[in-house]
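Using the sequences and the hints, build the whole thing.
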Amino acid sequence: MRLTHALVPTLKEAPADATSVSHTLLLRAGYIRRVGAGIYSYLPLGVRVLRNVERIVREEMDKAGALEVLLPALLPADYFRETGRWHLFGDNLLRLKDRKGSDYHLGPTHEEIITDMARREVHSYRDLPKNLYQVQTKFRDEPRPRGGLLRCREFTMKDAYSFDVDEERAKLSYEKMRVAYTRIFDRMGLSYRMVSADSGAMGGSGSAEFQVLVQSGEDFIAACGHCDYAANLEVAVTAEPPPAATQNKDGAPEKVHTPKAGTIEKVSAFLGASPDVFLKSLIYLAGEEVVMAVVCGNDEINEVKLAKALGVGEVVLASPDDVWRATGAKVGFAGPVGFKGKLLVDRAAKALPLGISGANETDYHFKNVQPGRDFEGEIVDIRSVRAGDPCPNCADGKLEVYRGIEAGHIFLLGTHYSEKMGATFLDDSGETKPVVMGCYGIGVSRLVATAVEQFNDANGILWPASLAPYQVAIVQLGSEPEVITAVAEVEAALEARGISVLVDDREERPGVKFKDADLVGIPLRVTIGKKSLERGGVELKPRTETDPKKAELVAVEKAPQTIADRVAALAKSLEPK
RNA sequence: CGGGGCGUAGCGCAGUUUGGUAGCGCGCACGGUUCGGGUCCGUGAGGUCGGCAGUUCGAAUCUGCCCGCCCCGACCA
111 MRLTHALVPT LKEAPADATS VSHTLLLRAG YIRRVGAGIY SYLPLGVRVL
161 RNVERIVREE MDKAGALEVL LPALLPADYF RETGRWHLFG DNLLRLKDRK
211 GSDYHLGPTH EEIITDMARR EVHSYRDLPK NLYQVQTKFR DEPRPRGGLL
261 RCREFTMKDA YSFDVDEERA KLSYEKMRVA YTRIFDRMGL SYRMVSADSG
311 AMGGSGSAEF QVLVQSGEDF IAACGHCDYA ANLEVAVTAE PPPAATQNKD
361 GAPEKVHTPK AGTIEKVSAF LGASPDVFLK SLIYLAGEEV VMAVVCGNDE
411 INEVKLAKAL GVGEVVLASP DDVWRATGAK VGFAGPVGFK GKLLVDRAAK
461 ALPLGISGAN ETDYHFKNVQ PGRDFEGEIV DIRSVRAGDP CPNCADGKLE
511 VYRGIEAGHI FLLGTHYSEK MGATFLDDSG ETKPVVMGCY GIGVSRLVAT
561 AVEQFNDANG ILWPASLAPY QVAIVQLGSE PEVITAVAEV EAALEARGIS
611 VLVDDREERP GVKFKDADLV GIPLRVTIGK KSLERGGVEL KPRTETDPKK
661 AELVAVEKAP QTIADRVAAL AKSLEPK
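Position in the first sequence counted from 1, then plus 110, gives you our numbering.
The set of hints was computed from the structure by calculation and includes no laboratory data.
Capping the alpha-carbon separation at 30 angstroms, the derived lysine-lysine pairs in DSS-like fashion look like this:
| no. | residue 1 | residue 2 |
| --- | --- | --- |
| 1 | K440 | K418 |
| 2 | K625 | K668 |
| 3 | K122 | K659 |
| 4 | K651 | K625 |
| 5 | K452 | K440 |
| 6 | K543 | K286 |
| 7 | K173 | K543 |
| 8 | K440 | K365 |
| 9 | K286 | K682 |
| 10 | K173 | K281 |
| 11 | K418 | K281 |
| 12 | K641 | K660 |
| 13 | K640 | K625 |
| 14 | K477 | K365 |
| 15 | K508 | K418 |
| 16 | K460 | K440 |
| 17 | K418 | K450 |
| 18 | K660 | K122 |
Predicted model only: the values in this text are computed from it and were never measured.
Right under this line is the structure:
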């Protein structure tokens with residue numbers, strides 16, 4: 111492809127609304143353009159990268175025995191009504207009405223529709239197992255789209271659904287997908303971890319996220335540096351803390367006046383005490399019930415864990431009014447001593463010998479508060495793990511905390527959908543049973559942005575070879591006949607070998623061409639100009655090499671083979687183990 | 001949905017406080033110049049100042065309503 115015939119509108123300046131690296135670079139390098147909030151068009155380069163992601167995903171899904179289908183994006187409301195998700199999804203569902211006033215929506219995910227396919231077409235254990243997948247545009251009315259392609263309202267997703275005769279076989283299907291997913295992420299060269307995650311409202315028996323490790327990620331994950339333990343911070347746990355060092359049987363809490371000191375920071379400064387001896391006490395609403403959750407002053411309450419400990423779907427931090435009603439004090443002076451409602455105490459806070467807490471009286475705190483002596487509560491794990499915490503899985507490991515972007519998620523669903531929708535089969539003894547399901551998602555368009563988040567430098571994108579829109583970029587410098595001839599020769603020879611080439615044949619100054627080549631990020635750059643030819647050929651430089659002097663000089667006649675070898679080597683480096 | 005900010009040429013911005021009929025840089029077109037890391041000079045095209053209504057002799061500027069976008073938070077099978 112010649113740049114003079116292509117559409118690669120690069121920008122010197124980033125549009126003001128771009129914040130994330132991938133958003134900025136994909137806009138500047140001419141891959142995408144914004145159409146609305148969370149809605150993007152793909153320019154020719156963007157489509158080529160998207161197709162590369164799709165190709166890798168399809169190849170690995172096919173290899174794993176999954177069958178590609180295509181379900182509609184426009185859906186009648188009936189299916190989601192069957193499972194209750196017409197209401198559960200709330201405002202995230204993009205709803206519409208047809209001319210007759212019937213309810214429709216655009217599909218945010220397709221468990222119902224695929225389960226409908228299963229109940230129509232699968233009747234016998236002989237039809238199982240099956241794994242059906244699709245690559246399709248999904249729609250979610252995100253309350254806050256952000257980060258360009260990272261969180262969109264319209265996006266491309268690969269979703270797969272497995273159907274098995276029982277839990278045990280379903281786990282085999284799940285395991286196959288796990289392997290396929292590792293191959294997919296390996297082939298894109300991404301650094302990622304598979305982490306255990308909150309299965310949320312899906313109610314499944316297991317789930318794992320594939321988190322790409324980048325500093326700009328929205329998610330936090332904790333991973334052991336010693337073993338393979340890794341979990342989303344929402345569910346990450348640490349080893350049991352040692353029991354309390356001293357048990358001071360005597361003494362009693364001592365009330366101290368702490369005027370206007372409603373934060374741990376202020377009280378600790380006021381009393382000259384370290385925050386880690388504080389009993390941080392927060393009031394939550396779990397449905398109708400008011401509860402107090404107590405953790406160490408340095409710890410953060412993990413609301414997912416708290417909700418689980420309480421057996422509710424979610425907890426909400428109480429309003430100042432609720433806090434006043436529950437404790438009789440302003441926010442900042444709540445404490446477990448004398449609290450009459452339900453009390454949950456983190457096991458690390460329980461281990462504190464003597465702590466400082468609010469006195470449930472505005473402007474007062476208690477010193478010398480001892481868990482177990484001065485208050486009783488349910489002992490639970492409700493704190494978020496921190497970097498340096500001991501690994502729950504191995505003796506020597508310490509947990510590190512990373513940021514990640516969720517690029518894939520696999521679930522064991524069980525019979526949640528099949529039972530609600532009557533997707534059953536007859537087993538080998540003639541008994542009717544619900545099919546056991548799993549579902550497996552990959553954010554295809556999100557991966558385009560995620561790859562840029564991981565592979566970029568100050569000058570632009572550095573695509574992994576498997577995703578690059580073209581395999582080779584030829585920068586033509588000057589328009590002397592011998593230059594034009596050499597460019598055409600190399601271009602034709604590479605294309606004859608099946609290598610995709612983008613030739614910058616514009617009448618631009620060299621600096622402009624080099625800048626754009628770096629921005630666009632094609633992994634191999636071939637520079638051909640009068641000077642290179644005088645020196646004996648063409649210059650070959652990987653995008654990862656930032657020093658132009660380190661380019662390799664190759665004779666024109668040898669260039670196609672040498673370049674083809676380099677392309678092959680780059681591809682090989684991304685082969686999964 | 002709560003809090004904050006923004007909307008002026010394709011992009012980045014100034015002008016709004018104090019009302020007088022719109023400007024800069026990049027990009028684009030043309031001419032010249034330059035030519036291995038975003039040359040330099042000149043000429044030119046390009047704007048319903050987000051929309052509607054109002055105040056006024058006169059509105060990008062003041063008032064009201066609406067729309068859109070971004071950020072923080074809540075939310076995110």
